[in-house]
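**Q** Here is what each chain is made of, one letter per residue.
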Amino acid sequence: MGRTFAEKVLAKKAGLGTVRPGQVIDAAPDIILSHDNTAAIRQIFGELGVPKVKYPDRLAIFLDHAVPAPSTRHAQNHAEIRRFVAEQGIDHFFEVGRGICHQVLCEEGLARPGSLILGADSHTPHAGALGAFGAGIGRSEVAALWATGTLWLRVPESIKITLTGQLGEWVSAKDLALHIIGTLSADGGTYASVEFHGSGVETLSMESRFVLPNMMAEMGVKNAWVRPDDMTLNWLDGRVNTPIDLDETMPDPDAAYMAEHTFDLASIEPQIAKPHTVDNVVPLSEVRGTPVDQAFLGTCTNGRLEDIALAALVIEGRQVAPGTRLLVIPASAQVLQDALQAGYIETLLSAGAVLGTPGCGPCMGNHMGVPAPGEVTISTANRNFKGRMGTPESEIYLASPAVVAASAVAGLITHPADL
Amino acid sequence: MMLIKGKAWKYGDNVNTDVIFPGKYTYTLREPEEIAAHALEDLDPTFAGSVQPDDIVVGGRNWGCGSSREQAATCLKWSGVGAIIATSFARIFYRNAINQGLPAIACPEAVAAIQPGDTVMIDLAAGTIECPAGMYTFEPFPPSVQAILADGGLISHLKRAANE
Numbered sequence: 001m002g003r004t005f006a007e008k009v010l011a012k013k014a015g016l017g018t019v020r021p022g023q024v025i026d027a028a029p030d031i032i033l034s035h036d037n038t039a040a041i042r043q044i045f046g047e048l049g050v051p052k053v054k055y056p057d058r059l060a061i062f063l064d065h066a067v068p069a070p071s072t073r074h075a076q077n078h079a080e081i082r083r084f085v086a087e088q089g090i091d092h093f094f095e096v097g098r099g100i101c102h103q104v105l106c107e108e109g110l111a112r113p114g115s116l117i118l119g120a121d122s123h124t125p126h127a128g129a130l131g132a133f134g135a136g137i138g139r140s141e142v143a144a145l146w147a148t149g150t151l152w153l154r155v156p157e158s159i160k161i162t163l164t165g166q167l168g169e170w171v172s173a174k175d176l177a178l179h180i181i182g183t184l185s186a187d188g189g190t191y192a193s194v195e196f197h198g199s200g201v202e203t204l205s206m207e208s209r210f211v212l213p214n215m216m217a218e219m220g221v222k223n224a225w226v227r228p229d230d231m232t233l234n235w236l237d238g239r240v241n242t243p244i245d246l247d248e249t250m251p252d253p254d255a256a257y258m259a260e261h262t263f264d265l266a267s268i269e270p271q272i273a274k275p276h277t278v279d280n281v282v283p284l285s286e287v288r289g290t291p292v293d294q295a296f297l298g299t300c301t302n303g304r305l306e307d308i309a310l311a312a313l314v315i316e317g318r319q320v321a322p323g324t325r326l327l328v329i330p331a332s333a334q335v336l337q338d339a340l341q342a343g344y345i346e347t348l349l350s351a352g353a354v355l356g357t358p359g360c361g362p363c364m365g366n367h368m369g370v371p372a373p374g375e376v377t378i379s380t381a382n383r384n385f386k387g388r389m390g391t392p393e394s395e396i397y398l399a400s401p402a403v404v405a406a407s408a409v410a411g412l413i414t415h416p417a418d419l
Numbered sequence: 001m002m003l004i005k006g007k008a009w010k011y012g013d014n015v016n017t018d019v020i021f022p023g024k025y026t027y028t029l030r031e032p033e034e035i036a037a038h039a040l041e042d043l044d045p046t047f048a049g050s051v052q053p054d055d056i057v058v059g060g061r062n063w064g065c066g067s068s069r070e071q072a073a074t075c076l077k078w079s080g081v082g083a084i085i086a087t088s089f090a091r092i093f094y095r096n097a098i099n100q101g102l103p104a105i106a107c108p109e110a111v112a113a114i115q116p117g118d119t120v121m122i123d124l125a126a127g128t129i130e131c132p133a134g135m136y137t138f139e140p141f142p143p144s145v146q147a148i149l150a151d152g153g154l155i156s157h158l159k160r161a162a163n164e
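Protein sequence lines correspond, in order, to chains A and B.
The numbers in my numbering rise by one with no breaks, and the one at position 357 of the first sequence is 357.
The numbers in my numbering rise by one with no breaks, and the one at position 135 of the second sequence is 135.
Keep in mind that the hints were calculated from the coordinates and are not lab data.
List of simulated lysine to aspartate or glutamate pairs, DMTMM-like, C-alpha gap at most 20 Å:
id : chain 1 : residue 1 : chain 2 : residue 2
1  : B       : 5         : B       : 130
2  : A       : 54        : A       : 87
3  : A       : 54        : A       : 30
4  : B       : 7         : B       : 130
5  : A       : 274       : B       : 42
6  : B       : 159       : A       : 47
7  : B       : 7         : B       : 54
8  : B       : 10        : B       : 109
9  : B       : 5         : B       : 54
10 : A       : 274       : A       : 187
11 : A       : 386       : B       : 44
12 : B       : 7         : B       : 41
13 : A       : 274       : A       : 286
14 : B       : 7         : B       : 44
15 : B       : 159       : A       : 26
16 : A       : 52        : A       : 80
17 : B       : 5         : B       : 118
18 : A       : 274       : B       : 13
19 : A       : 386       : A       : 375
20 : A       : 386       : B       : 42
21 : A       : 386       : B       : 13
22 : A       : 386       : B       : 41
These numbers were taken from a predicted model, which means no experiment stands behind them.
If we strip away everything but chain B, and leave its shape as in the complex, we get:
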């Protein structure tokens, strides 16, 4: 969990939740594989069919703007995506990703350096991103957020807390 290594899928600025997961599916699809099958459908139709476990999505400014729909985060998580790196995040998407145990990392320098298809390695504890162009740093998550990520999301985290 603290080390994530995968291939980069790179996109642009202001990628909104409607192109990440279309609104027309939000009240009918609930199973993880159904939701994953539509990930990035209106942005990159090749994504859902070829994404591999631990691949890394790289976005520009304001990634995930728009709707509060949690499937924008779950469709990526359930596709196997290991982390999302962006220049900046829309706030609800950021919360949703963390609460799904999907690391969302704001690191403009890494976004500028990473090329599509690059192999990228993220060390969450150290706060580093390594790609062919070099090594970049980000501020590691605060302990409370690291605990949510380590437990695999908010719900697992609350269940664990209730059992302790």
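Only chain A is shown next, with the shape it has when bound in the complex:
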């Protein structure tokens, strides 16, 4: 019987010939990711009484969740992390302003087809867009990994999602991801490894592909993988300097899946996740006209150049509606520079947008741009849970960059074609 992506990559990382779903293995990740939570992990690591991290070159540490520091306490947290990085000789350390961990990990060539990335962040599946296996873990587990280099993992069952057709005008990978989550539900992929196959994958740009595994975290998956191809290799060219073997972890055609689904990209229209769960998904037409106080363009889901370009295209020659704020936070410093050079930032600022430091921004209520009680935010982020942005008395609608931009202009949830 053939093997899935998860079975191939986890066998390799556990040093075993074959592994099967349900089997518990000890795996050695290529990269152990952490961010502003590194200081708390260091405290747990300290309890272990191990003076040195076993493989410092496998750690990747990013300051992104509250940047630049909004309070003395946050600043102390960052300072503690910088001391740890210096003491342990961590090379893969990315300062305040470099960008969001998942985006920067990929930009820096730290994720590649077949690599295993374990991270103290639930959106670690993100790197699956490059053919990597990314899974979120807890802080204590990261501390254990720093000390030992290995961690127990259960080999997951796999779900195969086949994409066909091509997305229509004003429809993006975000709409596709929301549609999938709305269809399969917030626990539709719990514990599973999701694989994206099919001709529809080839029609998606690399930047769009990142949206899919990132959002699959909201379906409870362990990891999600997008079939790598020449586009993936071109994107990695210059970022990864050693040969890449795509076949080594490519799932076999006769691999066994617990479920298989097919989605036709051409049949999808702009989608909205209504408060307060990500699977509360409806077509935009059902909530069109809902007033919004704030529109937020950014996050690891939709803060890339393609997203900012699309927002600029929608907004060019228009203004953000009076009484509505548009907050733009690029996912990385690289994205910000590219967007500046392309003129997108000028377009957005001329329309009245506010620009923030590359990072997670107000996505989880930690940093500038949080809403007041009673306010409504339309956001390109991946979560709309009650209280997510700081107050349980506000509402978050999730949408694509084009819809968020159009809604900022209208002051109401709006389809870009209706402007």
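Please build the complex by placing chain B on the supplied structure of chain A, with the hints as guidance.
**A** Using the frame of chain A, we list chain B on its own:
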């Protein structure tokens, strides 16, 4: 540790980590009592002030979905919660709970039977849950997980292993 007896606090489906422990506190609070004080803040504001040692949290499907934040498990542990019973768990929460020495038990039948305020008794070794409505069974944890729970969590377990 193998026997846990306490009062049930019952909640619904898809209870996410943001309502279990708000994200706005994740990089500033680190002391157990500070973290426990915000447990379930946006779900049940009465919880943190009145939970008693060994009380049992009962949830529906997909308990703990969302963020990887470990405080979603530690805030309950440090509140004194003895165990969590749910219809099903989100995977990172499940790992975090076990790794904190907090038993996370998936048992849909018990969840359906338990009423808020019921006295519930869990026998981890036997795999049984007793409540006023009856007795329900679950598959006991595998030996490796029982060892982590018995040592009070992954970190204590690793320390113990290193000393042996």
